[in-house]
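Participant: Each chain, written out:
There are 2 protein chains.
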Amino acid sequence: MEKTIQVEGMTCEHCKSAVEGALNKLNGVNQATVDLEQGNVTVTFDENNIEIEQMNEAIEDQGYDVINK
Amino acid sequence: MEKTIQVEGMTCEHCKSAVEGALNKLNGVNQATVDLEQGNVTVTFDENNIEIEQMNEAIEDQGYDVINK
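So the protein sequences, as listed, match chains A and B. If you're matching positions, the first sequence starts at -2 in our numbering and goes up one per residue. If you're matching positions, the second sequence starts at -2 in our numbering and goes up one per residue.
Derived from the structure by calculation, the hints contain no laboratory data. Mixed in with the good hints there might be a few duds.
As the list makes no split between identical chains, a pair holds if one copy fits it or if it spans any two.
As the list claims (entries may be wrong) - Think about it this way: if two alpha-carbon atoms lie no more than 25 Å apart in a straight line, the pair counts; the simulated SDA-like pairs of lysine to any residue are: (1) K66 x L33; (2) K13 x V26; (3) K13 x G60; (4) K13 x Q35.
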């Protein structure tokens, strides 16, 4: 399954790495890719192994706000 | 001695940490403190042990531009 999550506050390559890293290490996430210009992260994941809420939390733990919860 | 270096491209706390960390590990630097709003880093250093040029290089190695060289 794929979902694009709108994230506020990602400004630079460090932010991109922080968000992608936090998501990619979650069980059930196959691939997370941040688009800094669009301010979002597109995640492909196995919906049997992870819920959107867990991904939102991982992003917010890095200090960013999820807009389209 | 103290110098405030104008730096372009520091946008977030990760950037602040990257620049401060790169400077603080240089021999001769006592303290480096980034002000994100002002876009600068204030460095106290021992001018007998380090030259400004080395500090500028450390900043640029992190991917930022020094404006007031």
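Participant: It remains to establish, for every hint, whether it holds in the given structure.
Facilitator: Hint check:
no., hint, in the structure
1, K66 x L33, "within (19 Å within a copy, 29 Å between copies)"
2, K13 x V26, "within (16 Å within a copy, 30 Å between copies)"
3, K13 x G60, "both (12 Å within a copy, 15 Å between copies)"
4, K13 x Q35, "both (12 Å within a copy, 23 Å between copies)"
Hint check: no violations occur; every hint is consistent with the structure.
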